[in-house]
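Peer 1: Residue strings, one per chain:
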Amino acid sequence: MLQQAFDGLVSGAFYALLALGLAVIFGMLGVVNFAHGAFYMLGAFGAYVVLDDWGVSFWIALPVVPVALGVVGVVVERVLIRRLAALDPLYNFLLTFGLALILQDLVKREYGVQSQPYPRPSALSGSVDLGLFTYPAYRVFVLGVALVACLAVWYVLSRTRAGMIVRAATERPELTRALGIDVGRWVTPVFGAGVALAGLAGVLAAPMRAVNPLMGSDLIIAVFAVVVIGGLGSIFGSVVSGFAVGVLTALTDFYVPSLSQTLVFILMVVVLLWRPAGLFGREEGIA
Amino acid sequence: MIIRMLATRPLLLAVGLLVALALPWVIYPPVAMDMICWALFAVAVDILLGFTGLLSFGHAAFWGTSAYAAGLIATHSGLPFPVAVLGGALAAAALAVPIGWLSVRRTGIYFAMVTLAFAQLVYFVANQWRGVTGGENGLQGIPRGFFGVDLSDPFFFYYAGLPIVLLGLWSAWRVVRSPFGRVLVAVRDNPARARALGYPVERYKLLAFVLSAALSGLAGGLFAIGHGFVSLQDVYWTTSGQAVMMVVLGGIGTLWGGVIGAGLIVELNDYLATAGFEQIGIVTGSVFVITVLVFRRGIWGTAALLTTRRRRDRTETASPAPAGAEADAGAEAEADEKENGEPVTA
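Chains A and B, in that order, give the protein sequences. Counting from 1, one number per residue, gives the positions in the first sequence under the UniProt record's numbering. Counting from 1, one number per residue, gives the positions in the second sequence under the UniProt record's numbering.
Think of the hints as simulated: they come from the structure by calculation, not from any bench. Remember, predicted model here, so these are calculated numbers, not experimental data. Among the hints, a few may not be true.
As the list claims (entries may be wrong) - Chain A side only, calculated, beta carbon under 10 Å to chain B, not exhaustive: (1) Leu84; (2) Ala85; (3) Gly98; (4) Leu143; (5) Val145; (6) Leu147; (7) Arg177; (8) Phe236.
For glycine and all other residues, C-beta sits at the position ideal for the given N, C-alpha and C.
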């Protein structure tokens, strides 16, 4: 049971990383990035390809692939997203949906639909004794990296000057501009950072989940539900609800397996009935 | 000039009907069947997206639910297929009541995500409820009963199914041209004012949602009978996305644009599939991205804009036109332009 809960925390770590990236992007750009799942998938494939083609180890891929994807995100924002920035955000939602289709099928064309093997890094192949039970070391590592990433995002946003500008630009873009800050300049790096977070989740997923072109497409819908539960745009809410949904899903899988896949959506319905803006969302400006 | 305008509509209608009747002579009949089913589906989605300002990304739930329901009715009762399709549409409408009731509390991007999540819920239920839906195998061998008439030839089945689609399209047209439809447009353009005028905005949205779901169900049920099987793909979110793509390509808020978009995308899919190109998403996704980036009015919307512009130019050059008529025409052209311009509103 405790082990189940721990499994839930690990899968919650993926939800949290993806939801966090979505929340950061939504906060700054007002765009829900449908291609987020595809970027997660690209993260996993990126790790697989650099290992397979050049023998680049997991430890190098872990920082390099997310940064590379962040650069891809910067290009996508500059070339595509920016053009629709002045319009209804639904257009960018549609744009990223088309982008997700393209990315997914491009990878499918190159590698087929079967899953690619990715070995667990040897340093993390064993188990750790957590006192109450032993647990695969790699999963503990995933949890640790996700927590560090979430804390880092929190730190940057709340304790640095850059974060202060981003928060100000998110809340009151006009006023921030009036203070002499070029808000448009900050949009691109924020989008890139959100995509990099998806890429990080993807690299972390490679050794423990099946690396295949469709791995992002199911996950992204569940992450949308996670984000709705937490409150779209709420960074804290997305992380908390990511971990909470992970744990609750794992426990449900233990007791009522048939419900586990639908639980996240049922939770979403309950939250919608009870607090339509999400657990940590603010009613103002959304509805 | 007004006469010319009145004359173009029956002309378009006649051309449309002629194309619909000639389709299975020109195109492989099962593909023609797919086209008209998707056309009705796209038009149903446009009732919400174009005329109510709500982007549903979960209409596969209604298309698919109706497909399963129609398939089950046809298989287990042996009733004529139109009854099964109608039963499917009713099932879709029934499902749309709770989903719509919860979803219309949100607008814009939230609405899209919530409907998407609901559709995924339906997908997982269909996946796990193996006793009824067949799980990953789906439903197979669905009969096409019709009072003992042999409809196994797809060519003849097309003509048996066409009246259902035409009925659906006609209902959609009636809905958006009715006073109810005008209120929907008011809700889309200015919900606060519609509310202030005393319209129960949420109830109108819910009604539009249920109507749109019922028409999607009509299309999905017929699609299932036409193919003789239902698969999980029919409730998967890519199906919802495909319908939205058709609407955007054809033109949001143009109603008939969806028909054009459906025809083109089904044809494109079929062409790529026969050419052995399996990763269709690369092409359809690119078409979609380009449409969203540079061609947001869609095909029908652009055509409508060009014709109203030309019409206005003509009135301006024809000097002896009565002042009143000209002003009217100008106003209508402006209104049309506004309607077809950037109709998605949050």
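Peer 1: Hint by hint, say whether it matches the structure.
Peer 2: Tested hints:
Among the interface hints, the one on leucine 84(A) holds; its C-beta lies about 7 Å from the nearest C-beta in chain B, closer than the 10 Å criterion. The interface hint given for alanine 85(A) is broken, as the beta carbon of that residue sits about 12 Å from the closest beta carbon of chain B, more than 10 Å. Interface hint status for glycine 98(A): upheld, as the beta-carbon distance to the closest one in chain B is roughly 4 Å, under 10 Å. Given hint, leucine 143(A) at the interface with chain B, is violated; its Cβ is 26 Å from that chain's nearest Cβ, farther than 10 Å.
Of the supplied interface hints, the one on valine 145(A) is violated, with its beta-carbon coming no nearer than about 27 Å to a beta-carbon of chain B, more than 10 Å. Violation of the interface hint for leucine 147(A) is found here, the shortest Cβ-Cβ separation to chain B being roughly 26 Å, above the 10 Å cut-off. For arginine 177(A), the shortest C-beta to C-beta distance to chain B is roughly 22 Å, which exceeds 10 Å, and the interface hint is violated. Hint status for phenylalanine 236(A): violated, given a least beta-carbon distance of 19 Å to chain B, over 10 Å.
The structure does not agree with the numbered hints 2, 4, 5, 6, 7, 8 stated previously, though it agrees with the rest.
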